[in-house]
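Student: Next come the chains, spelled out residue by residue.
Number of protein chains: 2
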Amino acid sequence: MMKELFPLPKVYGLLEPGPVVLVTTAREGRANIMTLSWHTMLEFEPPLVGCVISNGNFTFESLKITKECVINIPTVELSKKVVDCGNTSGRTVDKFREFVLTPVGASCVTAPLIDECYANLECKVVDENLVIKYNFFILEVVKAWIDPQMKHPQTIHHLGDGAFMVAGETIYLPSKMK
Amino acid sequence: MMKELFPLPKVYGLLEPGPVVLVTTAREGRANIMTLSWHTMLEFEPPLVGCVISNGNFTFESLKITKECVINIPTVELSKKVVDCGNTSGRTVDKFREFVLTPVGASCVTAPLIDECYANLECKVVDENLVIKYNFFILEVVKAWIDPQMKHPQTIHHLGDGAFMVAGETIYLPSKMK
Numbered sequence: 001m002m003k004e005l006f007p008l009p010k011v012y013g014l015l016e017p018g019p020v021v022l023v024t025t026a027r028e029g030r031a032n033i034m035t036l037s038w039h040t041m042l043e044f045e046p047p048l049v050g051c052v053i054s055n056g057n058f059t060f061e062s063l064k065i066t067k068e069c070v071i072n073i074p075t076v077e078l079s080k081k082v083v084d085c086g087n088t089s090g091r092t093v094d095k096f097r098e099f100v101l102t103p104v105g106a107s108c109v110t111a112p113l114i115d116e117c118y119a120n121l122e123c124k125v126v127d128e129n130l131v132i133k134y135n136f137f138i139l140e141v142v143k144a145w146i147d148p149q150m151k152h153p154q155t156i157h158h159l160g161d162g163a164f165m166v167a168g169e170t171i172y173l174p175s176k177m178k
Numbered sequence: 179m180m181k182e183l184f185p186l187p188k189v190y191g192l193l194e195p196g197p198v199v200l201v202t203t204a205r206e207g208r209a210n211i212m213t214l215s216w217h218t219m220l221e222f223e224p225p226l227v228g229c230v231i232s233n234g235n236f237t238f239e240s241l242k243i244t245k246e247c248v249i250n251i252p253t254v255e256l257s258k259k260v261v262d263c264g265n266t267s268g269r270t271v272d273k274f275r276e277f278v279l280t281p282v283g284a285s286c287v288t289a290p291l292i293d294e295c296y297a298n299l300e301c302k303v304v305d306e307n308l309v310i311k312y313n314f315f316i317l318e319v320v321k322a323w324i325d326p327q328m329k330h331p332q333t334i335h336h337l338g339d340g341a342f343m344v345a346g347e348t349i350y351l352p353s354k355m356k
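Protein chains in written order, with our numbering: chain A, 1 to 178; chain B, 179 to 356.
If you are wondering where the hints come from, they were derived from the structure by calculation, not from laboratory data. Where hints are given, some of them may not hold.
[As the list claims (entries may be wrong)] If the Cβ cut is set under 7 Å, some of the chain B residues that face chain A in the computed set are: (1) P185; (2) P187; (3) S267; (4) T270; (5) H335; (6) F342; (7) A345.
Bear in mind the structure is a predicted one, so any value in this text is a computation, not a measurement. Beta carbons: idealized from backbone N, C-alpha and C, even for Gly.
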């Protein structure tokens, strides 16, 4: 998929609606994918993202050690693979191979982009103060990529218990504040 | 609107999809409403929610002092009022009166519930460690209410620049993990 650079000050608009994302990490040549919904924007620019990555996950160790990851945003076409990634552990499964996803080299981090996702955010860990208590990592997005063809991405949003809301129509209600 | 108690361990399913919410506070008899999208779940039970409430907002002071608020979840029918609440400050506007929203007494906190919202989460501030650096408050949901008639709430999700995604269809992809 041909991607273009996406301006960092606009990154909040990709995550603020609350999509399920796929977090990729790489350690000692071994890439992994984790499904994640517990994230929030913390700052517009540089874009800061807070996310919960439980210490039981294989990704937790990679992130602690490498301090790098990529947040990949899938659309509904990938929902089966998103659930598969959430149902398995990188300790025993090579998820890129098993679920037929394509790793692409990033430009600022070692973790790969997932080619099939319409947006990819290269991130570095910048604050671990809440990791011990809440498994809460603070990431800075250092580079962002997007599929310029994708105008209304049908992201998926986890409702719990295997139910997902698929992004519906877009409405416009201009704000008077910045 | 007749509301029922909603089980605390299921609260994550209301916030994890990333809806725009309305946060109510009350201080010295003065209730206020703030529009917010930067929130994430941090723990299932007791349900912990992290959210960014900027120190420029009138709500920031109330929350710092009272350490209580309510997270109210609106649906698309309220989207004009949601934007109006985001475009004004409680310093100069009584938003309940101005935008015709109905305050209802909560059971564990002083801040009111917004009757027109389909779900209301009464919250107490439990951790302010990241408030100075990121305006990031950690809240515990102590009581939750829901409109039992609302099966597929059409929540709204901010895409930036006055654009909102409206919740679309629900799909089911059962997980094998808990």
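Student: Please list, smallest to largest, the hint numbers that this structure does not respect.
Tutor: 1, 2, 3, 4
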